[in-house]
Amino acid sequence: MGKINFNNLLPYGDTTEDGAFQLSFTLPVEPSAKAREAATQMVRNWGFFDVKIAHMSKIGVNYSLFVVFARTEKGVDYAKLEVPDLGGEKRSYKEIDRLILANVKRPIRVVGACTGYDAHTVGLDAILNMKGFDGDIGLERYKGFRTVNMGSQVPTEELIERAIKEKADAILLSKVVSQKDIHISDMRDLIVRLKKRGLEEKFILIAGGPRVTHKMALEVGFDAGFTIGARPSDVANFIYEQMIERLDKTETQPAIGKKKSGK
Amino acid sequence: MGYASTIPLSAKKIARCRQIAKSIGAQVADLVKTNSTVGTERAVLRLLGFNEAVPNEQGLLFPVANLITDQVKAHDRLHEGALYWIANAIIATKNDIPKLQERVMALEVDVGTLAPQDPKQVKSLAQRLAKESFQKLIQSRKDRNQTAKKLKDPVKEKRPLKYVIVATGNIFEDVTQAKSAVLDGADVIAVIRSTAQSLLDYVPQGTTTEGFGGTYATQANFRVMRQALDEVGKEVNRYIRLTNYCSGLCMSEIAALGALEGLDCLLNDAMYGILFRDINMRRTLIDQHFSRLICSKSGIWIMTGEDNYMKTTDAAESGDQVLASQFINEVAALNAGMAKNQMSIGHAMEMDPNYEKVILMEIARAQMTRQIFPEAPLKYMCNTKYKSGDIFTSHAIDTIFNLIGSMTNQGVILLGMLTEAVHTPFLQDRSVSIRNANYVVGGAVGLGDEFGYRSDGVIAKFAQKVLDDAVKLLEKIDDMGIYKAIEKRTFADVSRTIDGGKGADGVFQVERGRYLNPFFELMGSKI
Numbered sequence: 200m201g202k203i204n205f206n207n208l209l210p211y212g213d214t215t216e217d218g219a220f221q222l223s224f225t226l227p228v229e230p231s232a233k234a235r236e237a238a239t240q241m242v243r244n245w246g247f248f249d250v251k252i253a254h255m256s257k258i259g260v261n262y263s264l265f266v267v268f269a270r271t272e273k274g275v276d277y278a279k280l281e282v283p284d285l286g287g288e289k290r291s292y293k294e295i296d297r298l299i300l301a302n303v304k305r306p307i308r309v310v311g312a313c314t315g316y317d318a319h320t321v322g323l324d325a326i327l328n329m330k331g332f333d334g335d336i337g338l339e340r341y342k343g344f345r346t347v348n349m350g351s352q353v354p355t356e357e358l359i360e361r362a363i364k365e366k367a368d369a370i371l372l373s374k375v376v377s378q379k380d381i382h383i384s385d386m387r388d389l390i391v392r393l394k395k396r397g398l399e400e401k402f403i404l405i406a407g408g409p410r411v412t413h414k415m416a417l418e419v420g421f422d423a424g425f426t427i428g429a430r431p432s433d434v435a436n437f438i439y440e441q442m443i444e445r446l447d448k449t450e451t452q453p454a455i456g457k458k459k460s461g462k
Numbered sequence: 039m040g041y042a043s044t045i046p047l048s049a050k051k052i053a054r055c056r057q058i059a060k061s062i063g064a065q066v067a068d069l070v071k072t073n074s075t076v077g078t079e080r081a082v083l084r085l086l087g088f089n090e091a092v093p094n095e096q097g098l099l100f101p102v103a104n105l106i107t108d109q110v111k112a113h114d115r116l117h118e119g120a121l122y123w124i125a126n127a128i129i130a131t132k133n134d135i136p137k138l139q140e141r142v143m144a145l146e147v148d149v150g151t152l153a154p155q156d157p158k159q160v161k162s163l164a165q166r167l168a169k170e171s172f173q174k175l176i177q178s179r180k181d182r183n184q185t186a187k188k189l190k191d192p193v194k195e196k197r198p199l200k201y202v203i204v205a206t207g208n209i210f211e212d213v214t215q216a217k218s219a220v221l222d223g224a225d226v227i228a229v230i231r232s233t234a235q236s237l238l239d240y241v242p243q244g245t246t247t248e249g250f251g252g253t254y255a256t257q258a259n260f261r262v263m264r265q266a267l268d269e270v271g272k273e274v275n276r277y278i279r280l281t282n283y284c285s286g287l288c289m290s291e292i293a294a295l296g297a298l299e300g301l302d303c304l305l306n307d308a309m310y311g312i313l314f315r316d317i318n319m320r321r322t323l324i325d326q327h328f329s330r331l332i333c334s335k336s337g338i339w340i341m342t343g344e345d346n347y348m349k350t351t352d353a354a355e356s357g358d359q360v361l362a363s364q365f366i367n368e369v370a371a372l373n374a375g376m377a378k379n380q381m382s383i384g385h386a387m388e389m390d391p392n393y394e395k396v397i398l399m400e401i402a403r404a405q406m407t408r409q410i411f412p413e414a415p416l417k418y419m420c421n422t423k424y425k426s427g428d429i430f431t432s433h434a435i436d437t438i439f440n441l442i443g444s445m446t447n448q449g450v451i452l453l454g455m456l457t458e459a460v461h462t463p464f465l466q467d468r469s470v471s472i473r474n475a476n477y478v479v480g481g482a483v484g485l486g487d488e489f490g491y492r493s494d495g496v497i498a499k500f501a502q503k504v505l506d507d508a509v510k511l512l513e514k515i516d517d518m519g520i521y522k523a524i525e526k527r528t529f530a531d532v533s534r535t536i537d538g539g540k541g542a543d544g545v546f547q548v549e550r551g552r553y554l555n556p557f558f559e560l561m562g563s564k565i
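In order, the protein sequence lines correspond to chains R and Y. The numbering of the first sequence is the numbering used here, which starts it at 200 and goes up by one. The numbering of the second sequence is the numbering used here, which starts it at 39 and goes up by one.
Please note that a few of the clues may not be correct.
Here are the simulated distance ranges between beta carbons [to be verified]: (1) R:I203 <-> Y:L189: 58 to 64 angstroms; (2) R:E444 <-> Y:D352: 31 to 37 angstroms; (3) R:L398 <-> Y:H461: 43 to 49 angstroms; (4) R:T271 <-> Y:D494: 41 to 47 angstroms; (5) R:P210 <-> Y:E90: 40 to 46 angstroms; (6) R:P210 <-> Y:D352: 34 to 40 angstroms; (7) R:L300 <-> Y:L238: 50 to 56 angstroms; (8) Y:Q184 <-> R:D249: 27 to 33 angstroms.
Derived coverage of chain Y by chain R (criterion: at least 3 residues anywhere in the stretch with Cβ under 8 angstroms from a Cβ of chain R; other residues may be distant) [what the hints assert, rightly or not]: (9) 433 to 443; (10) 455 to 466.
Keep in mind the hints are simulated off the structure, nothing from the lab. All figures in this text were calculated on a predicted structure; none of them were measured in a lab. Each residue gets a CB set at the ideal place from its N, CA and C atoms; glycine is no exception.
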């Protein structure tokens, strides 16, 4: 293995620092020499070089599928990157369930929703519903959780009301649509409304979505942000650990500002 | 030890399952006999031709079928059936159906308040109206058969139909994607509905260009897609089947609209609504019967949703509940007079790919289902539960799915998408998926006939155990009653109660001797 430059970290194809990529996309034109050239130039426009059109074929009437290999020199200064980590141990569903029953001694109450105009419940459902995601079962299935999945297009205020009514320990906000950063403003909306009512410390606040990062969620005022690939057990474990942290705190030093995780 | 072309399964046990399922079906039949729902009444109105809509206070289009049902209900007349009061209105106003619809839309006529006419005359007119509408339905089936006959029908080839979804939210974008899929090799196009449309207690109106995770099922959208598939079907000389979803609060209504617009298949399963959409069980079981009557006489295949149970349970262990539910679904379809070759009974390949011998177990399940329902064009769904963002592994799983579907002669294979866990499929995702299926399905034609199953092998043992467990489970369900069984988490690990769930207020008792729904008889209901 060659020496890795952490100040300009690059993808690895088959040689250190070759910066190799594989891409695939569809162009809304029929395959032709011109289409091939268009794909080549387009990939170059994206900052790649050494562009190889490995495959071009027809899809349907007048579309073409491309598989392209290309390289880049534009890396990232990995050494300087600071990304808060969600940390925590990886635990299985059974283990988390056992820990909750042993240490929290009651089911943790969770209310989740997609607020605003967002009707994409795929992320929320993956975490909350029984089915779960990639074989990792959802929180609904845990004995240690009592879940309410409010579904899509829930007004923020209704989510708060429901969380109060259910005496929720945690609120899950799922944001898939991110046009014009609507996911961020809807996340802020929840924090602002909670603050107005003095409730921001009351719940463990978790956001999730393809364009949500843990870092961004912390900045907005959430306790955690989960993105694509997060499993129900990751979320369950985080909630459990937060619960324990909070229970410890109420036992030793009641009612002070909550500590953010990962800091 | 010997080998045979099929898995040795006890014919006696299979017959026993059918016998118990019949008894369970009778429990539902009792419910259907004495009750109706607002959804069923609206479906009657749909069949009669009340398919327009008026803008409501919020500016949304509100269907005339709902308007009339509400009028009749508001004046406590619904227990005699919507048709009775339509016939009454026609006699009272001397309008025909189009004129009456127009005047209801203009709010000039309230079907609920018109003076009652001579019941004898009303009844005889109602019979005639139903008969005419029924004839229209039969005609529309004949027309469809004519179209199909002019083209090659992939059902006649010895291979599974390739089924793909489109789900852009915009029916016109869906058309582009559907046509592309057909040109790539798809045989069945399913237009996924907008998220949670199953919970709407009305059918949206007109062509729609915005939806969430899917496109609204509307009569106009059905028509747009039907026309597009007929066009592209002609181009490729293949009859292309169109399917949509009717489980939900408008189960029978969507069946009516689907029948009028020439749909070939409908996802149709009350259990799906009960378990996964929390729809009241009485409501949707009653609606299911009418929707299946309509499908039955319109030549529409019903597709059942047992594959969903496998997503919430361990599919290696839940084979018994899937099989039990399939038998119950079969009886419900038979009670609607449906032919066995219209029952696209559902199941799936949903076991954990990390299990050792998982492929053997999946072959066992698929082959067993094939043998138990020999005439059914089985609906076989690819793995979704163990799909992740790792699109490469996902694609490998789909390949094995296509192979198992081919070698066990499934009727329809619901092709997996490599991006299943990421987004609704891109055009290229669907294309790559169809290319995979073209290769495997084409390459494996007749594969199943070349090999036998060991009589004492892993596959035989697995299948036999599922059947044994299914007998026991069906006995248990029959003992406690289907409603209690659902409450006790028999299916999909979900509990629902008889009075719980959405749409319960839309169920009403019918007045014996006065309630009119001649479609039951015309369509050959066995209930």
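We went through each hint and held it up to the structure:
| no. | hint | in the structure |
| --- | --- | --- |
| 1 | R:I203 <-> Y:L189: 58 to 64 angstroms | holds, 60 angstroms |
| 2 | R:E444 <-> Y:D352: 31 to 37 angstroms | holds, 33 angstroms |
| 3 | R:L398 <-> Y:H461: 43 to 49 angstroms | violated, 34 angstroms |
| 4 | R:T271 <-> Y:D494: 41 to 47 angstroms | violated, 58 angstroms |
| 5 | R:P210 <-> Y:E90: 40 to 46 angstroms | violated, 58 angstroms |
| 6 | R:P210 <-> Y:D352: 34 to 40 angstroms | holds, 38 angstroms |
| 7 | R:L300 <-> Y:L238: 50 to 56 angstroms | violated, 40 angstroms |
| 8 | Y:Q184 <-> R:D249: 27 to 33 angstroms | violated, 57 angstroms |
| 9 | 433 to 443 | violated (count 0) |
| 10 | 455 to 466 | holds (count 5) |
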